[in-house]
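There are 2 protein chains.
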Amino acid sequence: MSYCLAIKVNDGIVFASDSRSNAGVDYITTYSKMFRFTWPGERVLTLLCAGSLATTQAVVNMINKDLEENTGPINLKNASHIYEAAHYVGTLSQKEQMQHREAFLASGVSGEASFILGGQIAGKNPELYMIYPQGNYISASPQTPFLQIGENKYGKPILDRLISLETTLEDASRCALISIDSTIRSNISVGLPLELAIYISDSIKEPKYIKLYENSVFYKEIQKKWGEGLKRAFRYLPRFEWEKPNSYD
Amino acid sequence: MSYCLAIKVNDGIVFASDSRSNAGVDYITTYSKMFRFTWPGERVLTLLCAGSLATTQAVVNMINKDLEENTGPINLKNASHIYEAAHYVGTLSQKEQMQHREAFLASGVSGEASFILGGQIAGKNPELYMIYPQGNYISASPQTPFLQIGENKYGKPILDRLISLETTLEDASRCALISIDSTIRSNISVGLPLELAIYISDSIKEPKYIKLYENSVFYKEIQKKWGEGLKRAFRYLPRFEWEKPNSYD
Chain A
29 MSYCLAIKVN DGIVFASDSR SNAGVDYITT YSKMFRFTWP GERVLTLLCA GSLATTQAVV
89 NMINKDLEEN TGPINLKNAS HIYEAAHYVG TLSQKEQMQH REAFLASGVS GEASFILGGQ
149 IAGKNPELYM IYPQGNYISA SPQTPFLQIG ENKYGKPILD RLISLETTLE DASRCALISI
209 DSTIRSNISV GLPLELAIYI SDSIKEPKYI KLYENSVFYK EIQKKWGEGL KRAFRYLPRF
269 EWEKPNSYD
Chain B
29 MSYCLAIKVN DGIVFASDSR SNAGVDYITT YSKMFRFTWP GERVLTLLCA GSLATTQAVV
89 NMINKDLEEN TGPINLKNAS HIYEAAHYVG TLSQKEQMQH REAFLASGVS GEASFILGGQ
149 IAGKNPELYM IYPQGNYISA SPQTPFLQIG ENKYGKPILD RLISLETTLE DASRCALISI
209 DSTIRSNISV GLPLELAIYI SDSIKEPKYI KLYENSVFYK EIQKKWGEGL KRAFRYLPRF
269 EWEKPNSYD
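Residue numbers (this note's numbering), protein chains in the order written: chain A, 29 to 277; chain B, 29 to 277.
This is chain A alone, in the form it adopts within the complex (with noise of 0.2 Å):
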């Protein structure tokens, strides 16, 4: 599996992904799921992916394959519109698999791929899409502002919880991290390093990018202030009448 997500919020809109790949249990290793397609001041686009590791690298060589040979009907930098590329990305996405498709039929195995894909062209209003494995895709909304992929149930109360259009881009980034940091501590498939690029709204410049490690003390910093309070939330949770008052009261 692997777990990304994006949120699109008033000001602009943060990708976050882990690195982790596993064909069964006994092969885990470390893959960026998060790719950067930058043109200043013309157009910027983050692509997130997860699901079948062949799959989504045979997508992302196809898309520069493309963008190098500039010679087909669409790519990253010509689609009018990020809708037009999210229906691109699918449409790679379904030809790769279809290829396979006998093949995985017969062993049983899934080249099922999803893909988040987000960003700005100049001119035009931000936009975010998460890209289904059958190749079709849905926006995010004000009502839904952030899209995730992959093993995505572990991290998503907090971000019902936490996340509106009105949240900040820090704020935003934060819950991003705590989401798949909860995830990690939940299920194997999912793990460090973890990588964050966050895109300021009509900035049409390359998002500010991080990479959190293991010994990150950033990272570090973030996990145990977040146990920590999470402890303290559940020491004032109200008790049961027969219980003594709770002391911090």
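For the record, the hints were derived by calculation from the structure and aren't laboratory data. Here the structure is a predicted model, which is why all the values come from computation and not from measurement. Do not rely on the hints blindly, as some may be mistaken.
Repeated chains share a single entry, so a pair holds when one copy, or any two copies, can fit it.
Below, in silico cross-link-like pairs of lysine-lysine (DSS-like), each with a Cα-Cα straight-line distance of 27 Å or less [stated by the list, open to error]:
no., residue 1, residue 2
1, LYS233, LYS272
2, LYS236, LYS272
3, LYS252, LYS239
4, LYS248, LYS259
5, LYS236, LYS259
6, LYS152, LYS248
7, LYS93, LYS259
8, LYS248, LYS272
Place chain B on chain A using the hints.
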């Protein structure tokens, strides 16, 4: 779906369950998933159910019939160990599923169900088991003092962080409530009322039983305080290097 969990700490066992049952999204109903069997001074057992409502109801009916008739080789009252009772519940579940197997396969509907069974037989240690849809079962352990069935991922991170063998029964109960509350917020297939049964080790008597509805003052207070505590914990997280220092520090 639905979500049930049980936590076995040194002081006893906490059982918690939601009450939502759904067949698709247009037939949502309320059913208790908790069944208590108490013979004071002899044995105390609590059963939690998730999965196909038809299967779990059939299993509970067979359990009650075997207790009434007392003719079969085993029932909940005469099993010499709780793992034998877990094996018995698994056998009933498989029997029920096999009876409709062809129809399930033909319609693509799942008749699978999972169970948690725990409690204590006088003179023996408290025990806690999870019974898989296939009828096999596992016990809780000192390293994994909780077991979950149904929609278990949303509510797992908080258990991973807070539960240990030394946790008090009341803290384990509060943790179970916030684990279910987080799940309710993130997944519409889990819903109120919640049921809580708190069994005190070596008491061999009826567990303390609490049912919490939407308008329950205690439950509302738990939700409110937990929400506030999480927001406070979040506010105190470290700032990125480019941000102003945290004014709360």
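Do the hints match the structure? See the list:
Within a single copy, LYS233 and LYS272 get their C-alpha atoms only as close as 57 Å, which misses the 27 Å cut-off; across copies the closest is 23 Å, which meets it. When the C-alpha separation of LYS236 and LYS272 is checked against a cutoff of 27 Å, the pair qualifies only between copies, where the shortest distance is 17 Å, while the shortest distance within a copy is 50 Å. Only within a single protomer do LYS252 and LYS239 lie at most 27 Å apart by alpha-carbon distance; the minimum there is 18 Å, versus 35 Å between protomers. Taking identical chains as interchangeable, the C-alpha atoms of LYS248 and LYS259 lie at most 27 Å apart whether they share a chain (17 Å) or sit on different chains (20 Å).
Taking the shortest Cα distances, LYS236 and LYS259 sit within 27 Å of each other only across copies (25 Å), while inside one copy they are farther apart (32 Å). For a Cα distance limit of 27 Å, the shortest separation of LYS152 from LYS248 qualifies neither inside one copy, at 38 Å, nor across copies, at 44 Å. In this assembly of identical chains, LYS93 and LYS259 lie within 27 Å of each other by CA distance neither inside one copy nor across copies; the values are 50 Å within and 45 Å between. In this assembly of identical chains, LYS248 and LYS272 lie within 27 Å of each other by CA distance solely across copies; the values are 20 Å between and 35 Å within a copy.
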